[in-house]
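Trainee: Model the full structure from these sequences, guided by the hints.
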Amino acid sequence: MNNIKGYVNFVLHAHLPYIHHPESEDYLEEEWLFEAISECYIPLLLNFKKLVEEGVDFRITMTMTPPLLNMLDNKLLQERYIKYVEKHIELCEKEVVRTKFDDRLNRLAHYYLDRYSNDLHVFKDIYKCNLITGFKEFLDRGVLEIITCGATHGFFPILYVNEKTVRAQIAVGVQTYERFFGRKPRGIWLPECGYVPEADKYLKEFGIEYAMVESHAALYADPTPIYGTFAPIVSPDGLVVFARDMESSRQVWSSIIGYPGDFNYREFYRDLGYDADYEYIKPYIAANGARVNTGIKYYRITGKDCPKDYYDVQWAKDSAEKQAGHFMDCRTAQINSLASYMDVPPIVNCPYDAELYGHWWYEGPYWLYILFKKIYYDECNFKLITPSEYIDMYPEMQVCSPCRSTWGAKGYNEVWLNPTNDYAHRHLHKAGDRMCELAWKFPNEGDNLRRQALNQCARELLLAQSSDWLFIITNGTMVDYAHKAIKDHIGRFTKLYRQIMKDEIDPEYLLDIFTKDDIFPDIDYMVYY
Amino acid sequence: MSDTKEVNEKKNNKQATKTTKTATADKKTTAKKMTTTKKSTTKKAATKSTTAAKKTTSSTAKKASASTKTAAKETTTAATKTKKTTTATKKTTASKSKTTTKKKDDVVLEVVTPNKKGTKKKDDVVIEIVAPNVVVNKDNKKVVSKIKVPTVVDKSKKETSKLNTEAKDKTLIKKDEETIIDKIKNFLKKIIEMQSEHKADAEGSTKEKKARKKVSEKVVRKPNYMLEYYDLPYRYNETVVKVLAQSPNRLFVYWDISDNDRQKYVETFGDNFFNDTYPVLLLYNEDKNYIREIPINDFANSWYIDIDNPKTKYSIQLGRKFKSKPEFINIAKFEQENVILHNDYLPFANSNKIEAPNDHILFETFSNKIKFRNVKTNQETIKDISELAGKISKAYNIASFKDMFREVYKGEELSDDRFTLKNPASGNPTSSFK
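Protein chains in written order, with the working numbering: chain P, 20 to 548; chain G, 24 to 457.
One thing to keep in mind: the hints can contain errors.
[Claimed, not checked] Dumping the calculated DSS-like pairs for lysine-lysine here, alpha-carbon to alpha-carbon at most 27 Å:
#, chain 1, residue 1, chain 2, residue 2
1, P, Lys183, P, Lys223
2, G, Lys406, P, Lys24
3, P, Lys429, G, Lys414
4, P, Lys402, G, Lys433
5, P, Lys402, G, Lys414
6, P, Lys336, P, Lys392
7, G, Lys348, G, Lys287
8, P, Lys94, P, Lys68
9, P, Lys535, G, Lys213
10, P, Lys155, P, Lys94
11, P, Lys220, G, Lys376
12, G, Lys213, P, Lys521
13, P, Lys24, P, Lys392
14, P, Lys106, P, Lys94
15, P, Lys341, G, Lys433
16, P, Lys429, G, Lys311
17, G, Lys334, P, Lys223
18, P, Lys223, G, Lys399
19, P, Lys521, P, Lys460
20, G, Lys417, P, Lys24
21, P, Lys220, G, Lys348
22, G, Lys414, P, Lys24
23, P, Lys514, G, Lys222
24, G, Lys376, P, Lys429
25, P, Lys429, G, Lys433
26, P, Lys223, G, Lys394
27, P, Lys402, G, Lys399
28, G, Lys222, P, Lys521
29, G, Lys334, P, Lys429
30, P, Lys24, G, Lys425
31, P, Lys327, P, Lys113
32, P, Lys393, P, Lys68
33, P, Lys402, P, Lys341
34, P, Lys203, G, Lys399
35, P, Lys503, P, Lys183
36, P, Lys535, P, Lys102
37, P, Lys183, G, Lys406
38, G, Lys433, P, Lys24
39, G, Lys394, P, Lys24
40, P, Lys392, P, Lys341
For the record, the hints were derived by calculation from the structure and aren't laboratory data.
Note that the coordinates shown come from a computational prediction; the quantities given were computed from them, not determined experimentally.
Mentor: Here it is as structure tokens:
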């Protein structure tokens, strides 16, 4: 039938920083999770479901990072999500009434009402408020490979000054994965694809076979891989890395030529939260009255600099289908030409932020669904594959030392180390050193209270190390929240550190911060020993 | 749509109390979970919450907050064009929460740490509380023991059951995790209660005890979160130098000199030491074996250094140089405090070693003997490139390999063995799609 000459490996990196505020309902940042659930995770699950029901065989890999898993599993956040959706349903109902004299708008209002109602149904009734079960079903089925990540997405190229902190990020990441999925992860998404060779040994220690890295991790490796990014390489310490393909990543993601810029697609920046009359929309935006995105958008991109036309669901679908065809044709051509060079079938690695599919690019999940169907049914010379499967089929690979790199802007560490955020690193390093000091000073602690305090120190340190704070500060969005997060977690860590060293642990304080930062409930601080 | 109807009803009620925030009803399963309060509201939920496992719907609570929070809701990468950010102060009230012990005597909780390796419990400080619905030891016996005061010796050392990480049943995993968080919380609450009882005992007066209990009971009905505010310390008062790589061409160094060390130099050279000297960074390239001196100033505690040799190892030494020869030197201190002086330069502290990242294709490393490893068997083989199938077998030297490489990547901008990396950066997607 089809002459398979190569493979395509889709990886969606689903991550959000751990944002959990039982003490207040006013943190807008919590809505990142709710938006992601409505616009990204539920649509992905529904599209996977459709593919399975239609008998389409496919493969896709997803990172589900520990903070995301902890949040999806968190009762408080699940309840708050339901509130979020119910509010949206209420707004949509109002919109249906408000737009009844405009046919096209009214159709869209109904469309959003249906979508949010369906979200509620899927979330509550089908997945019983826990989407992790949904992803696990596809994992068990063998169509979805789930990989892990650093415990709190800590940035290894800066943390590795104290190698134990990198080891702990890996250990807790793997442990969290095991807790939720009942098996060991074979692969990891290095946070921000931040590759440092010093981490390899710890990855191997915890059973990780492979990692996803940026293109130049392979292209600038030592020696230069003979197959560039089109076959995995193995580092001297035994870590297999799959490097991003440049052509396919630009096709999907480029702000200039990328698919999401199609004129029929939904315009992200025309949101009801900003467009609607203030008094009308007030109950549905920020508690302090500031306008925010609601997710209800009625316009399409339409053109470069022109008035926006209404969004049309069918036109958008048509564009998605066309682009799915284009993507497939491009990969076919690419693999055709590559296969003639190589001794093994080429693999084209296509990693993306999961958020791209549904949140930034609304039609993304549908595009993915159509693409996977096409790959299965149409004539093409490749199949979808997971990294694990490729390793199992072609375990012999060139030994090269990957280049220290990231997938951040400019390819190295600038995003996480620049004058806007470089103040943080001495504090993160100091806290890391102190955590190791605590583990050495109180090994295998028998006193339960002190052990709880030590474990909480570990939690606070991990939360402080989240690369998201540094990223947010550089990009200038929600900067105050990020600064505060670093201060709070380092502050809590330091206060607790002092209490432990003086043997004056305040259980009320400990209870308070544990209630706020209850991630990794079963963590063992000895991971820093 | 009954949910929304209820919501509408509540909304009407809410409008009347727009400026007060109604507390969220207790949503969690256990009695002891603290909930938030904003302004004064009744906490009937707290008593309701002592019954386990009922998730009260959050529709009874509506937001109408007087507190302000940061406004902009763009996620990390969107352009921050139209949003105003207002920083807000959290209005969580700080108040200590006490618990009412409603648990029966034989229901106790144990804190489980599943990945313990050879935990040695000290004999003299053990508090064990065992959960009723968790298998405690391998013999399937439920361990029941009373709560003991921290200083009392507890002889019972039961084996704790590890959290079953192999559990395939998702609901089982969920339950365990829920139990762990609650277990820890309940444990801490018990400690708090015991400590406050201790305090009351110490103070002796039964009247006070009763009053305290009353207060604590009252407080239980209104549990609050502590108000926290933290600033990062300006310094940690220790001598440290750390170097990090920002890119193949730039390093970042931060440092500090402890007060003790400063004092040491002042005692050796006199009070004007820090005025008579200026700080320098010595940049040492281990692979190319050179040192570059970078004068800096005392207003900085970090610095960016441009470097010329990617993919080489660097380290930094922090030191000071005399502007002019020192007049006073305490020789005794030299030996005592291990002060080193090279002409006019004093080394203070050394940094860690780092390797700057590489920034180009290493064509010079090409060899037609290719090392392969089978990752399943770990067996390594060296193959001559001509043995391989495909056009790659024709790459017999650097020049031909280069040509082939360029051919494969002809769609990319490649000059001087460097790609113009046009990959979309992480988290920076369609912000320009307009």
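Trainee: Keeping to a limit of 27 Å between CA atoms, is the pair of lysine 535 (chain P) and lysine 102 (chain P) held or broken?
Mentor: Between lysine 535 (chain P) and lysine 102 (chain P) the Cα gap is close to 20 Å, so the pair holds against 27 Å.
Trainee: Between lysine 94 (chain P) and lysine 68 (chain P), does the CA-CA distance stay at or below 27 Å?
Mentor: The given pair, whose Cα atoms are some 25 Å apart, holds under the 27 Å limit.
Trainee: Are lysine 341 (chain P) and lysine 433 (chain G) close enough, with their CA atoms no more than 27 Å apart?
Mentor: 26 Å, holds
Trainee: Holds or violated: are the alpha carbons of lysine 394 (chain G) and lysine 24 (chain P) at most 27 Å from each other?
Mentor: Holds: lysine 394 (chain G) and lysine 24 (chain P) sit about 24 Å apart, inside 27 Å.
Trainee: Run the distance test for lysine 402 (chain P) versus lysine 399 (chain G): straight-line Cα separation, threshold 27 Å.
Mentor: 23 Å, holds
Trainee: For the pair supplied as a hint, lysine 223 (chain P) and lysine 399 (chain G), is the alpha-carbon distance within the 27 Å limit?
Mentor: Holds, at roughly 13 Å.
Trainee: Does lysine 94 (chain P) lie within 27 Å of lysine 155 (chain P) when you go C-alpha to C-alpha?
Mentor: Roughly 19 Å separates the two Cα atoms, so the pair holds.
Trainee: Taking 27 Å as the top limit, are the C-alpha atoms of lysine 223 (chain P) and lysine 394 (chain G) close enough?
Mentor: Holds: lysine 223 (chain P) and lysine 394 (chain G) sit about 21 Å apart, inside 27 Å.
Trainee: Under the criterion that the straight-line Cα-Cα distance not exceed 27 Å, is the pair lysine 213 (chain G), lysine 521 (chain P) satisfied?
Mentor: Holds - the C-alpha atoms of lysine 521 (chain P) and lysine 213 (chain G) are around 22 Å apart, at most 27 Å.
Trainee: For the pair supplied as a hint, lysine 402 (chain P) and lysine 414 (chain G), confirm whether the alpha-carbon distance does not exceed 27 Å.
Mentor: 23 Å, holds
Trainee: Could you grab the alpha-carbon distance between lysine 24 (chain P) and lysine 392 (chain P) and see if it respects the 27 Å cut-off?
Mentor: Distance of about 19 Å is within 27 Å: holds.
Trainee: Does lysine 24 (chain P) lie within 27 Å of lysine 417 (chain G) when you go C-alpha to C-alpha?
Mentor: 20 Å, holds
Violated hints for the displayed structure, listed by number in ascending order: 3, 21 and 37.
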